[in-house]
Structures are given as C-alpha cells and as structure tokens.
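Chemist: Sequence:
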Amino acid sequence: MGTDKTLEAAVNVEEIKTAITRALVTRTVLPPYEELSNLHKALLGHIQTMMPLAEKRIDRLNRGTLAWYSKRSRLNTIPHEMAQGLGPGLRSAEWHVRSLGYTCQFLLNNSGLDQEHDR
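Take the sequence shown: its position 80, counted from the start at 1, is 80 in the working numbering, and no numbers get skipped.
Simulated from the structure, these hints should not be mistaken for laboratory data. Just so you know, these numbers come straight off a predicted model, no measurement behind them. One thing to keep in mind: the hints can contain errors.
[What the hints assert, rightly or not] Lysine-lysine pairs mimicking DSSO-like chemistry, simulated, CA-CA at most 27 Å apart: (1) K56 - K41; (2) K56 - K17; (3) K41 - K17.
Generate coordinates for the entire structure from the input sequences, incorporating the hints supplied.
Modeler: Here is the structure:
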C-alpha cells in the first residue's frame, strides 16, 4: 500500500487536468501535427501512470456488479487504444488525442487522485 501512496504523491493532478482540457477542447481549426504529437505523448504518459491506480480501485468493487463490469471493460480497452498511432492526417490525430483525453478523464475519475470526482 505504501507504493500506491508514493505513486499518488508523485502524480501532478493539475498537469493531468490541463492535458485533458487541451485534448477535449472544441477546436474550430485543427492544430499543427507537432502540437497533437506532443499532447499524444503527454496523455500516454499520464495514462501509464494512472492505470495501476485505477485498476486497483476498480478491482476492489464487487465483481459481477454492473459498476465493476462496466469499468473493468473500459479498462481492458485502454492498452489497445494506447497502441494505436495518431493516424495519417490531422483529423485522425485530433480524434485520437480527443479519445485519449476521455480515457485520461476516466482514469483520473477512478484512480483516487481527484477527490472531487472520486467514485
């Protein structure tokens, strides 16, 4: 349990929230590919950091319940999502970054790091 607390202390929740906001912002013009690429890398790092924390919390739910099944199913799709690249163009890169932003939000909400949204 001590390692969880150490990991939680090392996580910058505000940095994660900023990355999520940048990923989910409604854009009228697509940003440069380099900006999306940098945001993609940041989101992947945040996801890797939060995955073990969210996984432990979700696995503490009563197995077989709708809440556990729903969250566990979502968690199981994340490695596949992370393995996908940005795609061939700006639109696919923007879509993938937005998708990773939602994934980051899910993990933050289920990691215990954000006490406002702790479920």
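Chemist: A separate judgement is required for each hint: does it hold in the structure or not?
Modeler: Results of checking the hints against the structure:
1. Simply put, K56 and K41 have alpha-carbon atoms about 24 Å apart, close enough for the 27 Å limit, and the pair holds.
2. The hinted pair formed by K56 and K17 meets the criterion: a straight-line CA distance of about 21 Å does not exceed 27 Å.
3. Taking the CA atoms of K41 and K17, the gap is about 15 Å. The hint holds against a cut of 27 Å.
This entry satisfies every hint, going by the numbered hints stated previously.
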